[in-house]
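Colleague: Sequence:
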Amino acid sequence: MKKLKLVSAALIVTLLLGTASCAFAEVGDIVGNIYSTDILAYVNNRPIPSYCLDGKTAVLIEDLDVGGTDADAHYGFYWQYNDDTRTLTVDSDGSSGYGEPLNIERGEVGKILDNIYETDIKVIFNGLEVPSFAINGKTAVCIEDLGTVGLDSPNADYGYSKYMCNFTWDGDKREVRLYTYQTNDLRDIPLHKMVYQFTDNNLSVSFDQLNYYMNQVSCDCSDEFAVDFNHIKPVLLDGETVGTMYVDHDGFLSYNVDTLKIFDMKKDLEVILSYDEAVKFITDNYEVYDSREIDGAAVYLAKDKDGNRDLFYALKQGGLVLESEFGNSYTTVEFSDGEDGLYVKVYPFAGPHGAATLRQKVSPEMYQRSN
5 MKKLKLVSAA
15 LIVTLLLGTA
25 SCAFAEVGDI
35 VGNIYSTDIL
45 AYVNNRPIPS
55 YCLDGKTAVL
65 IEDLDVGGTD
75 ADAHYGFYWQ
85 YNDDTRTLTV
95 DSDGSSGYGE
105 PLNIERGEVG
115 KILDNIYETD
125 IKVIFNGLEV
135 PSFAINGKTA
145 VCIEDLGTVG
155 LDSPNADYGY
165 SKYMCNFTWD
175 GDKREVRLYT
185 YQTNDLRDIP
195 LHKMVYQFTD
205 NNLSVSFDQL
215 NYYMNQVSCD
225 CSDEFAVDFN
235 HIKPVLLDGE
245 TVGTMYVDHD
255 GFLSYNVDTL
265 KIFDMKKDLE
275 VILSYDEAVK
285 FITDNYEVYD
295 SREIDGAAVY
305 LAKDKDGNRD
315 LFYALKQGGL
325 VLESEFGNSY
335 TTVEFSDGED
345 GLYVKVYPFA
355 GPHGAATLRQ
365 KVSPEMYQRS
375 N
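Adding 4 to a residue's 1-based position in the sequence shown gives its number in my numbering.
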């Protein structure tokens, strides 16, 4: 037992001495080298320049989103630097990137390309600090650090690291590929007037006859759910799993759902009124005080039971649209003819009576359905 204690003490002294020797490195000191590599690297299937760093494949943060040209190189990330906090923040945007793919050629193995410098800048990648290295005024991170699905990842069951990434290695091709969580959009489901509501990871779908044809997505997440950021969970619709989702460190919801499955489950909710049905809906439920027939629609200004004035379209191809809700605080809401079409004139729009007016063009074309 005493011998074990002595060995432990010796180890502690050694570690302290080692720590002391490292502590002499100051910001700007050279602490290593970065090397060329014959490995081809891809981020979200887009080729990117890469380097060898301590046996891992490194990429530059600044290469992940390069703006300012007609062929922007974007890999599905955006980054910003805060000099006050000495922090470089990198976040995924849920896309696979865009821009003209770069033509990357294999390098030779082992050639020293640059020095690695001691730095006090921290890199926060998708809300968590990741090991980073300063290289000639830029910052490098390693694909293996970002994409390894370790025991510390709450997303291991879904195949993602704690940084919301994963990677693959092909030894035969000498290729390494980093992937991030990809999102899609419920509003792309070919249904109209739908309201998609997330309550934590439970999704509900409802139909709103007075909604625009544009679908709406909203989230009402509990505090407990929101603070558990970067933790992938199943999306549940009527008790069935229809995808995955997570809340990021800024409280924003990201999701990837099976849009075809949701369409099949909820397509019967959509009830698009015919032209005659839309006219009847308006006249039965509102007090119409003016109307016009224009190309593609009948247009109505009408009051609800509270005196709020609304602009409606009854579309000739079928469909009801409540375009604008003007409330009841304005003195006048009326149609006004212009040289290029019909407008709604609202006044007084600002200040006392007779002050500035608002003129809103009547344009039902944007609501015409393509399917």
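Keep in mind that a hint or two might mislead.
[What the hints assert, rightly or not] Below, simulated DSS-like cross-link-like pairs (lysine-lysine); rule was C-alpha separation at most 27 Å, straight line:
(1) Lys284 x Lys177
(2) Lys271 x Lys284
(3) Lys309 x Lys349
(4) Lys284 x Lys309
(5) Lys284 x Lys307
(6) Lys60 x Lys237
(7) Lys320 x Lys271
(8) Lys126 x Lys142
(9) Lys142 x Lys237
(10) Lys320 x Lys270
(11) Lys60 x Lys126
(12) Lys237 x Lys270
(13) Lys320 x Lys284
(14) Lys271 x Lys237
(15) Lys60 x Lys115
(16) Lys365 x Lys284
(17) Lys265 x Lys307
(18) Lys320 x Lys365
(19) Lys365 x Lys307
(20) Lys307 x Lys271
(21) Lys307 x Lys349
(22) Lys270 x Lys142
(23) Lys115 x Lys142
(24) Lys284 x Lys265
(25) Lys320 x Lys307
(26) Lys271 x Lys309
(27) Lys365 x Lys349
[What the hints assert, rightly or not] Derived CB-CB ranges, DEER-like:
(28) Asn332 x Ser278: 26 to 34 Å
(29) Gly141 x Phe353: 47 to 55 Å
(30) Asn107 x Gln84: 40 to 48 Å
Treat the hints as calculated values from the structure; they're not laboratory data.
All figures in this text were calculated on a predicted structure; none of them were measured in a lab.
By construction, the Cβ of each residue, glycine as well, lies at the ideal position given by its N, Cα and C atoms.
Colleague: Does each hint hold? Answer for all of them.
Modeller: The hints, checked one at a time:
1. Lys284 x Lys177: With Cα atoms ~66 Å apart, Lys284 and Lys177 exceed 27 Å; violated.
2. Lys271 x Lys284: holds (24 Å)
3. Lys309 x Lys349: OK: Lys309 and Lys349 at ~22 Å, within 27 Å.
4. Lys284 x Lys309: holds (17 Å)
5. Lys284 x Lys307: holds (15 Å)
6. Lys60 x Lys237: Between Lys60 and Lys237 the Cα gap is close to 30 Å, so the pair fails against 27 Å, i.e. violated.
7. Lys320 x Lys271: holds (23 Å)
8. Lys126 x Lys142: holds (12 Å)
9. Lys142 x Lys237: violated (35 Å)
10. Lys320 x Lys270: Satisfied, since the Cα-Cα distance of roughly 26 Å is no more than 27 Å.
11. Lys60 x Lys126: holds (19 Å)
12. Lys237 x Lys270: holds (22 Å)
13. Lys320 x Lys284: Judged against 27 Å, a Cα distance of about 13 Å means the pair holds.
14. Lys271 x Lys237: Holds: Lys271 and Lys237 sit about 25 Å apart, inside 27 Å.
15. Lys60 x Lys115: holds (15 Å)
16. Lys365 x Lys284: This hinted pair holds, its Cα atoms lying about 24 Å apart.
17. Lys265 x Lys307: Distance ~39 Å between Lys265 and Lys307 Cα, so the pair is violated.
18. Lys320 x Lys365: Cα-Cα ~19 Å, so holds.
19. Lys365 x Lys307: holds (19 Å)
20. Lys307 x Lys271: Violated, because 32 Å separates the two Cα atoms, which is more than 27 Å.
21. Lys307 x Lys349: holds (16 Å)
22. Lys270 x Lys142: Given that 27 Å is the threshold and the Cα spacing comes to 49 Å, the pair is violated.
23. Lys115 x Lys142: holds (19 Å)
24. Lys284 x Lys265: violated (34 Å)
25. Lys320 x Lys307: Holds, because 22 Å separates the two Cα atoms, which is no more than 27 Å.
26. Lys271 x Lys309: Not OK: Lys271 and Lys309 at ~32 Å, beyond 27 Å, violated.
27. Lys365 x Lys349: holds (9 Å)
28. Asn332 x Ser278: 26 to 34 Å: Roughly 30 Å apart at Cβ, these two residues keep to the hinted range, so it holds.
29. Gly141 x Phe353: 47 to 55 Å: Holds, at about 52 Å.
30. Asn107 x Gln84: 40 to 48 Å: violated (28 Å)
The structure shown violates the earlier hints numbered 1, 6, 9, 17, 20, 22, 24, 26, 30.
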